[in-house]
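Residue numbers (my numbering), protein chains in the order written: chain G, 1 to 609; chain U, 1 to 609; chain C, 1 to 359; chain Y, 1 to 359.
No lab work stands behind these hints, which were simulated from the structure alone.
Treat the hints with care, as some may be off.
As a list, the in silico DSS-like pairs of lysine-lysine whose alpha-carbon atoms are at most 30 Å apart [said to hold, decoys possible]:
1. G:268 with Y:151
2. U:177 with C:39
3. Y:338 with U:416
4. Y:290 with Y:305
Here's a subset of chain C near chain U, in silico, CB distances under 8 Å, partners left out [unchecked claim]:
5. 36
6. 38
7. 39
8. 70
9. 72
10. 92
11. 121
12. 122
13. 147
14. 150
15. 151
16. 153
17. 154
18. 156
19. 249
20. 251
The beta-carbon is built from N, C-alpha and C at its ideal position, and this holds for glycine as well.
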Amino acid sequence: MEQIAAVPELTISDHIVNDFSLTVATANGTGSQTSNLVLMHALFNMGIPVTGKNIFPSNIQGLPTWYSIRVSSEGFLARRELNEITVCMNPATAVEDMATMQPGGYILHDSAIPVAVRRDDVTYIELPVKSLVAPFKVPTALRAYVSNQIYVGALAWLLELPMEEIHRALQQQLKGKDSAIQLNLEVAQAGYDHCNETYENLAPWRVEPMAGFNDNRILIEGNTAAALGAVFGGVSLVSWYPITPSSSLAEAAADALPRYRLDPDTGKPTFAVIQAEDELAAIGMAIGAGWAGARGMTTTSGPGISLMAEFIGLAYFAEIPVVVWDVQRMGPSTGLPTRTSQGDILSAYTLSHGDTRHVVLFPSSPKECFEFGWRAHDLADQLQTPVLVLTDLDLGMNLWISEPLEYPDEPINRGKVLDAEQLDELAAEWGRYRDVDGDGIAYRTLPGTPSNWAAYFTRGTGHDEMSHYSEKPEVWEHNLQRVQRKLETARGLVPQPDIVRDAGERIGLISLGSNHPAVQEARVRLAETGIPTDYLRVRALPVNQTIRDFINDHEVTVVIENNADGQLHGILKLETDVPDHQLVSSRRCNGLALSARWITEQIITITQR
Amino acid sequence: MEQIAAVPELTISDHIVNDFSLTVATANGTGSQTSNLVLMHALFNMGIPVTGKNIFPSNIQGLPTWYSIRVSSEGFLARRELNEITVCMNPATAVEDMATMQPGGYILHDSAIPVAVRRDDVTYIELPVKSLVAPFKVPTALRAYVSNQIYVGALAWLLELPMEEIHRALQQQLKGKDSAIQLNLEVAQAGYDHCNETYENLAPWRVEPMAGFNDNRILIEGNTAAALGAVFGGVSLVSWYPITPSSSLAEAAADALPRYRLDPDTGKPTFAVIQAEDELAAIGMAIGAGWAGARGMTTTSGPGISLMAEFIGLAYFAEIPVVVWDVQRMGPSTGLPTRTSQGDILSAYTLSHGDTRHVVLFPSSPKECFEFGWRAHDLADQLQTPVLVLTDLDLGMNLWISEPLEYPDEPINRGKVLDAEQLDELAAEWGRYRDVDGDGIAYRTLPGTPSNWAAYFTRGTGHDEMSHYSEKPEVWEHNLQRVQRKLETARGLVPQPDIVRDAGERIGLISLGSNHPAVQEARVRLAETGIPTDYLRVRALPVNQTIRDFINDHEVTVVIENNADGQLHGILKLETDVPDHQLVSSRRCNGLALSARWITEQIITITQR
Amino acid sequence: MARKPTRPARASGKPRRPALNGLGLPKTEYRGRPSTLCKGCGHDSISQRIINVAWEHNLEQHNVVKMSGIGCSSKTPAYFLQGSHGFNSLHGRMPSVSTGAIVANRQLEIIGISGDGDTASIGIGQFKHAVRRNVPMIYIVENNGVYGLTKGQFSATADTGQSMKYHGVNELPPLDICIESLAANATLVARSFAGDPKQIESLLSIAFKHRGISVLDIISPCVTFNNHDQSTKSYAWGRENDLVLNIVDLVPPAEEIQIEDYESEIGIEMHDGSYIVLKKVGENHDPTDKRAAEDLLESAREEQKFITGLIYVNEDQEDLIEMLDLTETPLSHLPDRKLRPPEAVLDAINGRYTPLGTT
Amino acid sequence: MARKPTRPARASGKPRRPALNGLGLPKTEYRGRPSTLCKGCGHDSISQRIINVAWEHNLEQHNVVKMSGIGCSSKTPAYFLQGSHGFNSLHGRMPSVSTGAIVANRQLEIIGISGDGDTASIGIGQFKHAVRRNVPMIYIVENNGVYGLTKGQFSATADTGQSMKYHGVNELPPLDICIESLAANATLVARSFAGDPKQIESLLSIAFKHRGISVLDIISPCVTFNNHDQSTKSYAWGRENDLVLNIVDLVPPAEEIQIEDYESEIGIEMHDGSYIVLKKVGENHDPTDKRAAEDLLESAREEQKFITGLIYVNEDQEDLIEMLDLTETPLSHLPDRKLRPPEAVLDAINGRYTPLGTT
Ligand SMILES: Cc1ncc(C[n+]2csc(CCOP(=O)(O)OP(=O)(O)O)c2C)c(N)n1
Ligand SMILES: Cc1ncc(C[n+]2csc(CCOP(=O)(O)OP(=O)(O)O)c2C)c(N)n1
Ligand code: SF4
Ligand code: SF4
Ligand SMILES: [Mg+2]
Ligand SMILES: [Mg+2]
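Just chain G, with the same shape it has in the complex (with noise of 0.2 Å):
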């Protein structure tokens, strides 16, 4: 946990209404997911923007969990420092739990957990869980699990959330099993009563209906979206291995894909699921479906992006449509599988030996997903080429407020591939690699195509026009060039950048992805403080022009990212020409998603040299 800088003064009078930060402390595998999904949905459906981040340990049970919810009117869903409520469930993180609680908080406990040292500066609310649980006929291998309700009732009792909120919730996560709805409905209100019995509720937090914020927005997580967009993206074969935090992707397309993609007519799948035997098998056969005219999209993380390198050099060169997603967990190497972090940009950009320059594209929020879920297999039939969409822990696996999923404005685009008719018509005309439209993309022919000039002869080696293989210098050259010229032509066919232009000339924000949240909100504190900022935010590679001509337009652009090296600070060093002064990275990198605090004060100190 964070060093706390500042103490939110509670000067006003009246209560805080829908404002403030709450961690839950855990142990994993206690089940404590259902109280904890419990809350946000009961939040969310009384319309008060809610964000949850589950900070959860790589193993199975028994380590330390936090979940962190953060309410916010202002409608700010970014990763909070501060926490004003904790409620320590563990024994074995709570005496450090207890110590870096900010003053001024209130600490709910269970009472088998001893308090060490106990402060004057923060409250503490007493839950004697085991007696309250007691009552209730719960095998043992349950009583964990249920334990969980007591602290939503005393959470209840001290925000006032009313009970008939935590009900709903109850029957929106356990969806008619009754008796389960019932047995939990009944241990939080235990919980609540405890508390409404035992204590004077002096907190000054509070939560209240709102409206406006949440209507029509939906609350879900980054890798549902995606799975979601790969359907209607009409996605093929998902083949995939699983890693953390990439499998819940893929899982969610299993699950979705049965769902709504069963063939009308007949009532059989349209699709396929495989789990391969790795990573290595994973992409081979996406690329293996791609080639064959159907839409291959594969799921992993950063070790699975680097097994995955000499494959998308084969697509890349061959030019074959295929779909990677990398949820991104910390790197390098095994590194941390449950923490978040932006660590692959540049391997992903440039992955793979030899020249290569790669499609990427980065969603910040679960509609995004959705939309570059159905895009990026239009982009990758479009070029011809493999397109990788980078998320991460962060936006995958944890819920997020969302405008709603957008139903595609476009029709699938299967891009240049020629039918047995126009094949017979072009006859000896056409060549696999023949660039015809000066774009750098030629034309594909699938295989089983009933024509005399459908086949060809696909190759990693070098190859001519006509696919066959050619050791010739100037051949090796004239095909990279066209290769290249693709790139260019993609630099237009990529989502745009999104730009808020409004501080004029001084201070430009650079990010992407999950970082959204945050970096809007630390511009609404920035320009509090008198430092206006305009933002761009990347949303895919290659860059452009746009790109370019935001940063020359600026005295300082800001990168902001979540990694150690600032790579996508230097993939735009690399690609525009502006001096280091110009052009600064801030960047950091410790398996947490990015905190407007920070970034507000890297701004901050940015402007101040």
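Following the hints, put chains U, C and Y with the ligands in place on chain G, whose structure we already have.
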């Protein structure tokens, strides 16, 4: 073959001595290698600066192969685009070979190959190979092989190369196989005699013995020198997987180790060579050996580098010494396995997902291959990190004249390894990843060390100073910052650039590796046309202040390299802060070594801008 | 692009007409580009067998895809069935690419060509898992015990004790492609010899009809890199005359080794003078009996003989496409409306994630 | 750093002294850090067996290295033999790293721990080749048929028809670690069950003495991810009460499954209520008979039983270190003078490449 632009005028009355290029066109698998090597060595023995480039196909038998020999009295050893003499032994390419032959040139051809279009600007010498070889009793299987000696004899006649030198070179090549030497010599003599009897020698080119240049120099392939370097660097395990053009490096090691590295006491191997099942296993074994305290190394080329990405990240993050030789060939993908390139620079420098930067060395001569052969192991041990040595097919597989291999001027450096005594003294104070010296490099222990304090648990996951697993944000940050501190230490330890400054402040050239001879020659040509240049040869990454200074000191610095993306240029741009017009990229990538002519033209164009 | 059927122009007199198959095509239509392999390479014989069987079976070439990894063997798909798409993929990775392709288009017939290095060394993982999935394809291993394309290193199927000119003696036990296939639950396992046209063609015919994966392990001598110092045959003269020892790039022309049909066993002298023994599966071997198949292979391994013929077949096991229960229409050819659910579906999904309305 | 032997401070009265082994060490010295696996996980039982055998055999911990890949199983080396170096490497790549380590220092004893995902899925290639090389090491597969650490997907050893809560029914046939080992010419193959302390300890004792690689396939139930909907046991109550169906992160505490010594067969109910049958190798099984071993495994596979015990052993085959004929002194400990030939050698080498002097 490239288009020839200029015609060398034969205005001098006398002969052109030791200055021409000749190309022998054959099919592979015909055994022409013996003939070409005999020519190379005969010239070398005569003291003549000579260079030979083998342009061979990626198959085993029957496809076109060219061997180009350049002789240069000035000692220029780069590939030349011009070609005064062509030997046509391959019907498949003869038409093109003859057609692209420059005016004024001589074509020696097997008379079985008809001249399609007789040109009057070239001279044809017919070699009735079949009838000349007929008198020799050779089984059919070997007929093609000995036939090649016909052109050796013919060239000896044309160039007035004494047949005794051919004899000596044959003895050198076929060491002690007397009847083979005799047979080859007789066939060569038949070629000589045929020409002598049939033609008057009006050709302008002659070879003559020379003193000075070759004295004390050696003629050797880079891969052989590199293998010898590893032998003298105390390599313990060479684990490798075959791939052109790196195989001959591993094979040279497998050949040299049993000669020079048997235990003087017991006669047993002090090394192991293991042909692994693939590149992942090859690098894994080398890393296992490095971890356990021996010197592990692997050799590969582009596709293997891609496959090793995950493992290199592990070695980087767990801080394990290992040496990887990447003998570069043309990529992306399988590319052109038998053509040269420098396309893995960026890949190698940033290999693996997450934030990684590696030490990369660039030898530019056999002598330096030897030096980096041993030094790479010292650096890897000192820095406890992977060291990648990037060479290429041109340097690795062709014969180069080089300064002799120089015995290491430093004792073997095993870096910071603690023994049992030291450990018992340090006791609990020692931590595997504790930076006690401030250079980012911690002390390690080897398995098998008889101390209760020696053991630690190595992992590619997040770890603290004691190497215990940790997910704590500050632990991760702290550890990665230390690892990155090592990179700063590396800047001082790696081989410093080679700098020639004599041109003042206008134009600097930066290049690396096998481009060296071409750059040297281009600098002479440029100086002759009034464009003096300074020259910095990058010998390693990460770059340091010297390189930054060099760039800053010149109005324009041109980075010359053999790849499509200008990869070294990109890295220099990343790591320095100069405007684009001051750091210009000149790159070419067509599978051939860069020529001085191309470089000269590039620089002239740039200076004329 | 000489793929369009071309008929020889009618000359005067009675033209020699080539034999045509059921589709009215001459056998030449089933050829590929000229081979660039060494003269006499076993791999070329196998290509010829594929051409023959395809022609005889009236194969529609556009429904076939030729997949391969990297190696001399993996190059061969360029040399047969010019009318079929081909994919020369990555070293050791043909199985995964093939899996993807057949999932994309279940109507394709996949002929996969690999080498022993490609399959048993770098590719053993993908091979075993493709076998386990029963991917419907013909999987041919052109097995020569060496890495041909990289110039003669040992592969994982090289015999123990085998020696090679530049690579000393192999001390490791070989992996046996057939045993490996059976261990991984292959549904068709067969072995043959490149120079045995009849047996290969009959096995290919069976494989074309098999439901799942057909593994054909075909011993295919490398004429070039099995020439070691102890060789006794074509190089004899050279050896006596000190001639061949230093020639790194000499590949003397050689003849393919062809054998006649044999009864139960045949000994074959290889290019390098070494000797292998082929032993046909007996008449009363029941190829549906897995333990019998295993026994056969293991006892042959002990005797250092190679069992040839149809060793095992199982037509009961579902293939991958059946397990996936895919639509009959290939996924690659589904119309957009089947690939993208209607907007109402997305509206309903969004509805599931919006705040609960007040009850 | 609690690794230094610590003796309990002598209290007043008669202290309870822990039993000491031949090296004078209590068993606690052979422990590792506290396990972070799920309570009741079979993997923890195996760690305990290693601790016992190491203590009983007076193992010098500093001569042992613990190698692993990635997975719950691969974490366990942190939980035993605190005095040994350990290396938690990459997923599926433990065999190559181990090979390198033993080549570097032939005096090390390698205990490798892997999972079924780690070995049979991503790692099958390296596994088979390490077996083929007869790398001297103990190779333990803690086999639970699932990917524990990534939350319960099927591995390549999952039984056909097995079903898993979030992953449906497995339709693929399993790879059998023992059959795979034999196919690749393993020199010691054994199987046991995590809850059978006696058998595991006796197999470990044999393995410690074996010349080459010892493959121990140990069935090690995952208490957490073998809990599927059809489960009949501990979850019964929850199921009736609609309680467990939506709980993604609940791992109810469970007990290790321990079995008593058994005669020839035993049926074991797993955490999920499924049932497996273990069948001991018979008294008159000759473990040096390879075909018998194969038969045993194959017939058990047909009967859907797991053969346990020492299935195959071959002490004749050289191990990798012997094949490489390395110096007795570990390569890692050779003095510099043996690693770098003297200058005169280099002079001679240079001489071979310089121009010929005039004769
Ligand atoms: C990743 C990778 N590693 C290595 C190579 C080099 N390589 C090409 S072919 C080959 C071996 C081929 O052997 P095999 O499969 O037996 O085919 P053969 O040539 O004998 O028919 C190797 C190692 C490569 N192309 N890619
Ligand atoms: C290259 C790579 N891919 C995927 C993963 C994610 N991963 C970690 S453990 C594991 C599976 C472990 O299964 P198993 O070996 O059976 O061990 P268990 O947890 O069941 O003991 C996977 C897929 C990884 N760490 N590295
Ligand atoms: S090297 Fe061997 S395998 Fe390759 S083409 Fe020649 S004979 Fe065939
Ligand atoms: S998830 Fe399964 S394998 Fe992993 S620790 Fe828990 S019980 Fe063991
Ligand atoms: Mg082979
Ligand atoms: Mg497992």
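Results for each hint:
Restraint check: the Cα-Cα separation between residue 268 of chain G and residue 151 of chain Y comes to about 29 Å, which is no more than 30 Å; the hinted pair holds. As the CA atoms of residue 177 of chain U and residue 39 of chain C are separated by approximately 28 Å, the hinted pair is consistent with the 30 Å bound. For the hint linking residue 338 of chain Y to residue 416 of chain U, the alpha-carbon distance of about 20 Å falls within 30 Å, and the restraint holds. For a cut-off of 30 Å, the pair hint linking residue 290 of chain Y to residue 305 of chain Y stands: about 19 Å separates their Cα positions.
At its closest, the beta carbon of residue 36 of chain C sits 5 Å from a beta carbon of chain U; the interface hint therefore holds under the 8 Å criterion. A distance limit of 8 Å between C-beta atoms decides the matter here; for residue 38 of chain C the minimum to chain U is near 4 Å, and the interface restraint holds. Annotation: interface hint on residue 39 of chain C holds; nearest CB of chain U at approximately 7 Å, less than 8 Å. Contact between residue 70 of chain C and chain U, as hinted, is supported at the beta carbon level, the nearest pair being about 6 Å apart and thus within 8 Å.
The beta carbon of residue 72 of chain C comes within 7 Å of a beta carbon in chain U, closer than 8 Å, and the hint placing it at the interface holds. Satisfaction of the interface hint for residue 92 of chain C is found here, the shortest Cβ-Cβ separation to chain U being roughly 7 Å, below the 8 Å cut-off. A distance limit of 8 Å between C-beta atoms decides the matter here; for residue 121 of chain C the minimum to chain U is near 5 Å, and the interface restraint holds. Checking residue 122 of chain C against chain U: minimum C-beta separation of about 4 Å stays under 8 Å; hint holds.
With its C-beta approaching chain U no nearer than about 6 Å, residue 147 of chain C sits inside the 8 Å limit, and its interface hint holds. Evaluation of the residue 150 of chain C hint against chain U yields a held restraint, the C-beta minimum of about 4 Å falling below 8 Å. For residue 151 of chain C, the suggested interface contact is upheld, since its CB lies about 7 Å from the closest CB of chain U, less than 8 Å. Given hint, residue 153 of chain C at the interface with chain U, holds; its Cβ is 5 Å from that chain's nearest Cβ, closer than 8 Å.
Interface hint at residue 154 of chain C: satisfied, since its Cβ lies 7 Å from the closest Cβ of chain U, which is below the 8 Å cut-off. With a cut of 8 Å, the hint placing residue 156 of chain C at the interface with chain U holds, because the nearest CB-to-CB distance is about 6 Å. At its closest, the beta carbon of residue 249 of chain C sits 4 Å from a beta carbon of chain U; the interface hint therefore holds under the 8 Å criterion. Using the Cβ-Cβ criterion of 8 Å, the hint placing residue 251 of chain C at the interface with chain U is satisfied: the shortest such distance is roughly 3 Å.
Consistency with the previously given hints is maintained throughout, with no hint failing.
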